[in-house]
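Enquirer: Got chain A; can you put chain B on it based on the hints?
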Amino acid sequence: MESWIHNLGRSWYKFSRNKLSVLGFLIIVLTILLAIFAPLVAPYPTHSGPYVDLVTGAKAPTAEHLFGTDIYGRDIFSRILFALRPAFLTGLLVLAIVVPIGTVLGLIAGYYVGRAPDTIIMRLTDIFLGLPPLILALAVSSMLKPNLVNSMLAVSIAFWPWYARLVYSMVSSLRNEFYVRSAELVGESKAHILFREILPNCISPILTKVTLDFGWVIILSASLSFVGLGEQPPAPSLGTMVAEGSRYLPDQWWTAVFPAVAIVMVVLGFNLMGDGIRDMLSSEVS
Amino acid sequence: MSENALLQVQDLRKLFLVDKKPFSRQATYLKAVDGVSFSMPQEEVLGLVGESGSGKSTVAYTVIGMYKPTSGKILFQGVDISTGASGRPLSIKKDLQIVFQDPGSSLNPRRSIRQIIERPLVVHRMIRGGNTRDAVAELLEMVELPPDYMQKYPPYVGGGERQLVSIARAMASKPKFLILDEPTSALDVSVQGKIINTLIRLRREMKLSYLFITHDLSLMRNVADRVAIMYLGKICEIAGTVEFFQQPLHPYTQMLLSSIPVISDQEEGLKPKHIAPRGEIPSPVNLPSGCSFHTRCPYVEERCRQEDPAMKELRPGHFVRCHLAC
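Residue numbers (our numbering), protein chains in the order written: chain A, 1 to 286; chain B, 287 to 612.
Here chain A stands alone, though its shape is the one from the complex (with noise of 0.2 Å):
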């Protein structure tokens, strides 16, 4: 029990010699937080949803409106802080989705290297690497209902290769190790070797990994929502916003800036925190 305390201690360290991640995992903290208890930190609570009071619409940022208002009169600070929720709502399934299908794959593929398993499953996370993840999505999605659960499901489509082929490429190697042969040698089940001798050594990748990709799923996601084939109005989305708030660029520009930084520091605390927790995973003794 110490010394697990111990080496939390000590990851904690490896990790805050990088002052820049950091401040990557403050912002991420501050802004889950954020959308955790928006009903509670956002000033117009009732904004989230169809509101509507022309008479404060299309306001500059004063005291009162942190961010302005949109030409619905809504206060755009809360509607970031709203919409925060089902960004981070969408990275979570996803990657819950997509890391372990990935790892599954990869780890069957990369320890039958070679032979029929690998063919077949690297062949086709070929054919899905191939295609750039947005496109890939866009079309998905882009056949599918748009809403919420369907953009996740398109993002997911996007995703699980990367994992499948990181995982393939541990493996690969891996397998020749000798703790295990020594365990094919002893006799154990391929579920004993795959899960318990093989995936404990890969976990420092991958969780860097989730850790990078979770910024990138959530712009991902932003996206279809510009392109309105995420999360549906009056619901506030990131994506959203910014596609709503660019037809009155240059004149209103708070109404697309603001979702718009809003994006850019989830994804930028996200990748500095990914290198942190590189930094903090690699050095550990192998």
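What the hints contain is simulated information worked out from the structure, not anything from laboratory work. We put the beta carbon where it would ideally sit given N, CA and C, even for glycine. Treat the hints with care, since some could be wrong.
Here are the in silico distance ranges between beta carbons for each label pair [claimed, not checked]: (1) G373(B) / L23(A): 31 to 39 Å; (2) V477(B) / I5(A): 31 to 39 Å; (3) G370(B) / M143(A): 43 to 51 Å; (4) G370(B) / I32(A): 46 to 54 Å; (5) L26(A) / S398(B): 32 to 40 Å; (6) D366(B) / K190(A): 48 to 56 Å; (7) I5(A) / S398(B): 15 to 23 Å; (8) R490(B) / K190(A): 33 to 41 Å; (9) S377(B) / A116(A): 27 to 35 Å.
Here are the computed lysine-lysine pairs in the DSBU-like style, where the Cα-Cα straight-line distance is at most 35 Å [said to hold, decoys possible]: (10) K354(B) / K598(B); (11) K493(B) / K190(A); (12) K557(B) / K598(B); (13) K307(B) / K354(B); (14) K462(B) / K380(B); (15) K19(A) / K438(B); (16) K438(B) / K190(A); (17) K354(B) / K190(A); (18) K359(B) / K190(A); (19) K380(B) / K480(B); (20) K480(B) / K493(B); (21) K557(B) / K480(B); (22) K380(B) / K493(B); (23) K380(B) / K190(A); (24) K190(A) / K460(B); (25) K493(B) / K460(B); (26) K438(B) / K14(A); (27) K462(B) / K190(A); (28) K598(B) / K493(B); (29) K462(B) / K359(B); (30) K307(B) / K380(B); (31) K306(B) / K190(A); (32) K438(B) / K480(B); (33) K493(B) / K557(B); (34) K480(B) / K460(B); (35) K438(B) / K460(B); (36) K462(B) / K598(B); (37) K306(B) / K359(B); (38) K462(B) / K493(B); (39) K460(B) / K359(B).
Expert: Frame of chain A, contents of chain B only:
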């Protein structure tokens, strides 16, 4: 002898595909093991010695099942095990174990020493109930490691201790036969002795047989009952240890023995007539014609270049593959 043999290897060959041009039938093979036969009775230690590239490790990996033999037979207690490890019954895997050369790679860095040692006990159902603690402690004691090593992880213990853990894991299923693939060559000299003494003691206590792969000839003097020398995928001499060191018959054996470094002149006198080592081991992809040693042999004759010598039993139990030896 073949009746009560524990392990029999008959004309074992293992080729590796090096290069094959598309749409062509011609392919280049590396002949790692090229017709090796030997037989081991119960409770024997056979030292298999050779330079790097002689195919000694390939013999070990083929016997243990990491490679499938290209041709030839491997019999263990009379049962044909010429398949890869995946085709072997669990009972064979229990009786036939291996200790690898590199203790850094043979233990999973993410699993505790207890988790590593207890697996054979679980897989072979040698433990009743879930508590493996006492059994693992016993195995650690067998290799003279304290029980608190159980909680440690391999990266945090020394190379020699890691190798002892490897031995404890191999011993967990109570095997009859252990393959030792250069178990000391990756270690400091100071801990090599400890590993060797542990192996000698275990062999005596557990009535084990070892196939001891090494490139260290002088080590075999204390450990092996018989010694076999490999050169380019073939065994060129095999004899009882005493006779092997006193009356080596193959020029290659003489060359190796005379090049062992010694400390005193007295020891120098024990060595056979000095034969200066010449040249390097040729490529096993492009084997020399005739006797594979003729490119380096000081006594080479025309016949050696043409004709591959057969294995001859020149004295009881002393086999040599050489035209000139008598």
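Enquirer: So which hints don't hold here, by number, going up?
Expert: Numbers 1, 6 and 30, in rising order.
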